[in-house]
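2 protein chains.
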Amino acid sequence: MTDTNDIEITAYDWVPDMARGKVKDMRVRWALNEIGLPYRQRLVGNAGGEKAPDHIADQPFGQVPIYKEGDLTLFESGAILLHIGEKDERLLPRDPVARARTIAWMFAALNSVEPFLQALFLIDLRGSGQAWHGPAKENLRPFAENRLRQLSAALGEREWLEDRFTLGDLLMIDILRTNSQQDLVRAHDNLAAYVERGTSRPAFKSALAAQMAAFEEREPT
Amino acid sequence: MTDTNDIEITAYDWVPDMARGKVKDMRVRWALNEIGLPYRQRLVGNAGGEKAPDHIADQPFGQVPIYKEGDLTLFESGAILLHIGEKDERLLPRDPVARARTIAWMFAALNSVEPFLQALFLIDLRGSGQAWHGPAKENLRPFAENRLRQLSAALGEREWLEDRFTLGDLLMIDILRTNSQQDLVRAHDNLAAYVERGTSRPAFKSALAAQMAAFEEREPT
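Chain order of the listed sequences is A and B. Take 1264 as the starting number for the first sequence in my numbering and just add one per residue. Take 1264 as the starting number for the second sequence in my numbering and just add one per residue.
No lab work stands behind these hints: they were computed from the structure. It cannot be assumed that every hint is accurate.
Note that the list lumps identical chains together, so a pair holds whenever it fits in one copy or between two copies.
Straight-line distance between alpha carbons at most 35 Å, and here's what the computed DSBU-like set of lysine-lysine pairs gives [stated by the list, open to error]: (1) Lys1331 - Lys1400; (2) Lys1287 - Lys1350; (3) Lys1400 - Lys1350; (4) Lys1314 - Lys1287; (5) Lys1468 - Lys1350; (6) Lys1314 - Lys1400; (7) Lys1468 - Lys1285.
No experiment lies behind these values; they were computed from the predicted model shown.
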């Protein structure tokens, strides 16, 4: 891999209004901004149909972001964040215990919290207006509620999940703020305040502005 | 952290028959066996009700495995595997590109593949015999099918996801073999063969024997 000024991230050139500011390149932009690393963006089409073969070659699931740096092509926002974290201890502590705990929270966000919220999103997406929607959601909601209750208990009165802001917080906050079940998140005052704390960071705000600007670029065409 | 002979993993002393051989300490045992690292196991209760407070203090979601090594207490099997991988390039390549790609597949297993299968498991778990079960499953199944189709295409005719066995394969195979939607996995010959290839490894077989033995220990009581 070559110097860190050669970072490219791939983002969509268009998404529906409801998804703007929530696409997963946000978390990568945010992390890069936290440590002041510049990057280029490459915008790719998203509207309808199959993804282009070169997109699938870089990202097996046809999603964004794709991260390129020298001879590395990387997918999965969790892996991209961890790779960026290795560059700067402000994102990923160098102390071995603190480092491992940061990574634990990253996996917790992606595997112990998000999937239960995402299941409800899929039920809303496919079931809206259908008879099965209500009971399916009622039956699966307790799993998500339980995980958020456990997360709220783990956070307690602290500012961040461990003793300082890390990639674990960045990723957890991005999942809490972007998921479609905001009522479940807001049921916990400390989680709502935690999201507010994270999204008040200047690096988050500039990431949001950059993602929104990318969509606006395309508008006039 | 201290020497690597001081590793403790926490497993359940009992689970229902259908879960035996599939609890998540399996993947950690498997990884440790791949590199010949000894460990102690600590068995904890699982039957009914809330987890003990000291369990929650170590594992915010009340699950297993918990990994202890010196002054490190770690949760999330993905994070535990990555921590173990840092010890030995047989699990996690040292080459920076190969390392990052390995980590990408670990996150892919836990965030791009498992959640869509798990949503179907939750629907089965809560909906069996109820009117909403069929339509809910029918509507959410295509998401899981799509991810497995994409995974199958990415694997193609290769033996492993990259050019050699890594933690990415270990975790992906453990998720493919343990999830409740085996018909969806077996719909792809190359995925079925991939699972077979992984679970034929001696390190997997000894891990399975160790998990099963832990359950049998408790049986007479």
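- Item | Earlier hints that do not hold, by number | 1, 3
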